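Modelling step: build the complete structure from the supplied sequences, incorporating the hints.
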Amino acid sequence: MKWLMVLGIVVVAILMTLYEWPKINKEQKREKKAFVVLTAGSVILAVVLVYFPAMPGPTQLVDAIFKPLGKLLEQ
Amino acid sequence: MVDKGKISAMQLAFLLYLAITSTAVLIAPAITGGIAEQDMWLAPIWGSIAGFLTVFIAYRLNTIYPKQTIIQYSEKIIGRIPGKLIGLLFLFYYLHLNALSLREYGDFVVGNFLPETPMFVVLGTMVFVCAAAVRGGIEVMARTATIFIPLIFFLFLFIAIMLIPDLEPKHMLPIMENGIGPSLTGGFLASSWFMQFFLLSFFLPTLGKKQKGLKWGMLSVIATMLTFFLANLISLFIFGDITSTFNFPVMSAVRYISMADFLQHVEAIVMAIWVTGTFVKIAVFHYVLVIGTAQWFKLSDYRQLVFPLGFLLIIMAIWSAPNLQKVAHVLGTTWPFYDVLVHVLIPTLLLVAVWLRGKANGKNARKK
Amino acid sequence: MKRLFKPEKRLLTIVLCCIPIFLSGCWDRTEVNDLAIIAGVGLDRTDNGKIELSVQITNPKAIGGPGMSSGSGQSGQQPVIVKTGTGKTIYDARSKLQEKTSRQLFEGHNRVIIIGKSLAETGIRKHIDFFARFPIPRLRANVFFTDGKATDILKVIPSFENGESAEAARELAELKIGMNVTTKDLLQQLASSSGDTALPKITASKSKLGEGLKVNGTAIFKNNKLTGQIDDKVTRGLLWLTDAIETASVTIQPKDAEGYISFKILRSSTELIPTIKNGKWKMIVRITTEDDVTENETKLDMMDPKIVEKLEKQMEKSIDKRIQLVLDEVQTGMEADVFGFGEAFERTYPQKWKQQEDQWDKKFPEIEVVIKSDVKIRRPGRSGGPQGVPQEKEKKK
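Protein chains in written order, with the numbering used here: chain A, 130 to 204; chain B, 525 to 892; chain C, 12 to 408.
Think of the hints as simulated: they come from the structure by calculation, not from any bench. Incorrect hints may appear among the rest.
Cut-off 20 Å, straight-line C-alpha distance, at most; resulting in silico cross-link-like pairs (PhoX-like, lysine-lysine) [said to hold, decoys possible]:
no., chain 1, residue 1, chain 2, residue 2
1, C, K365, A, K152
2, A, K200, B, K694
3, A, K155, C, K20
4, B, K822, A, K162
5, A, K196, B, K850
6, A, K155, B, K822
7, C, K365, B, K694
8, A, K152, B, K850
Everything numeric in this text was worked out from a predicted model, so none of it was measured.
Written out as structure tokens, the structure is:
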């Protein structure tokens, strides 16, 4: 089942690239870079999450940072 | 400017109103009711103070840098590296906040209407339409909001009127049983929605007439406060002490509607309000994220970022919270402080920095 | 046109055409003919402590034409189907029930919840949770108590409402002859500090003319367990006290005349005014009603202001008596605060309430109740003086 999800993620990424890539002008180097970085980053994160769904997320990070203040509101 | 579109101040007010009230109405009565109890109707009033403050700060900063957003002027004010860091914090914050809103929407739809449908399908379809709207640009989004506003307004009014026979105002008493404290704490939790009005910072540069921005921004805060107030009041008058035991009190209240035995089972209306409202909300936040990212990377166009960031948004939504309990807990404890940091503290410090620099420059100028 | 034939465009078109295939697999698709629409739910407790869940399912075949005379009993289509399942919790019982049902159980149209005596005696709080948590049931459903088994009530086929006893029960509750308690109301009362509540009692009545349901009396729950029952007459007093009286008639016998006079209550409001003076807790019950005369057996002239004034006084006494009746039985007898006295004190004296909250159980039976009723007879009805009496023999006083 997991490989199917990975396949799905990759297919989505390919579809996005196919749709957007021809629209970016050849001179827009920065744009191309940003697009590649974001897409690749998302795909990697998604695939990692497929295999490690319990990985602590950004919410836990925020929760950990603001914990001392949050205690004030906890009852 | 990355987006060349221009909108009017009224359209901006509509956009912000829809973006902020949609999730506020959904879960805020439960969150504020848990702490403020029968004083929960006061919470939005206290909370709105934060709304007025953030609108004012965003407007002041905009008058100094009229063509820029916070991502751009933070670099100008405190230098390149710290500015970039602040920009990154804002981008991360908006991605995270939007992911949580998306997750709330997903949990709501899956929990109440489509229990068998996988979460990522519910989220994916929503993000896809939002991304399409963002790709269309600010003008498209503003027009969508203008179309939705009367619809949502009348549906909300309809719900409020239908519930009148079941309201019991006695649930409000005793007012301030434990002093002003609980309602203020509830107001602090509620202010987390009002502080989102800092979004104004990203939209003010697109305004045709700048002077009207402040007025309409404030009007939007007032409208949000009233809606929020009404939602809390209705939930309180119907459920009283048990309001906070429901995860979506307004939803439970609407399911309770029964007029003359035949006008009942109208929760599809709530669904309509929340799906349209959430659509605007996610589109607005996604737009801000995309525009902000484009400015952060100093790109000339933002459209190619819409889909990759949308994809990232879905992943974040699934990743950001293991379950609804966690979301509600974080929103009820630590999240408001995060809001204060991003939406009030940093902008205020920036404003102070500008002011100090202005003073120093003034002195230097005089010396010269 | 040329652009359409670019290779990547063609690929995109193919992919886009493939996407709708996935859309057809709608996960939450439910067709009406796959659903077993539940009209009423009954809860009982088995001897070994399990929950027995009974559901009344509307029979779709019978809905079409109940009036069609197809030779009585020939087709034998029951208007409803009653099924039972047992389990540790309601949901457990429900899943057992689902095993026996070929259609998917659907509570979205559930109108009544009937609690059997066996379950009521062991406490109802923990079982109500299901109706507030599971996404499908509505909080509008009316809750009843029955002295016997809940299943038996669901099996009754009343003459009205297409033979659906659940609908009949709901209509009875709406008439407000007895208490009208929805799931939401019950949740609120259970969550109040005393946890005392009252539920209308529903009974099946069988006669030659057919089966029927009636709401007669009220079941009193103390701390979510059944402690006693009060009859129809005492229930009236309870309705007066809780401001729930709506369609009611009052019949009195005037002191100085033969026969009875009946009144119809048009409007009535009850106010609970708690007072604490010198540490003495007192509850003032202020009742104001407006009535019309509907029947006059006596020879009294209903147009005479003096007579009307006397009648008003007498009615006030009769209302006081009814209320006293319920106070005697429930306040001092069962010591259950189903009137909302505790909440009234909490709202008016939040500080003093907090000090006394723990001792409320002891304090409640000792509270002095002062009833101040104010009856206003508004209209004499269609006739003024008594009918069928020669003018000169009318009693004028």
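Now the hints, each set against the structure:
1. C:K365 / A:K152: Status violated; Cα separation ~69 Å.
2. A:K200 / B:K694: violated, 32 Å
3. A:K155 / C:K20: OK: K155 (chain A) and K20 (chain C) at ~19 Å, within 20 Å.
4. B:K822 / A:K162: Given that 20 Å is the threshold and the Cα spacing comes to 12 Å, the pair holds.
5. A:K196 / B:K850: Holds. K196 (chain A) to K850 (chain B) sits at ~14 Å (cutoff 20 Å).
6. A:K155 / B:K822: holds, 17 Å
7. C:K365 / B:K694: Holds, at about 19 Å.
8. A:K152 / B:K850: With a Cα-Cα distance of about 41 Å, the restraint between K152 (chain A) and K850 (chain B) is violated, given a limit of 20 Å.
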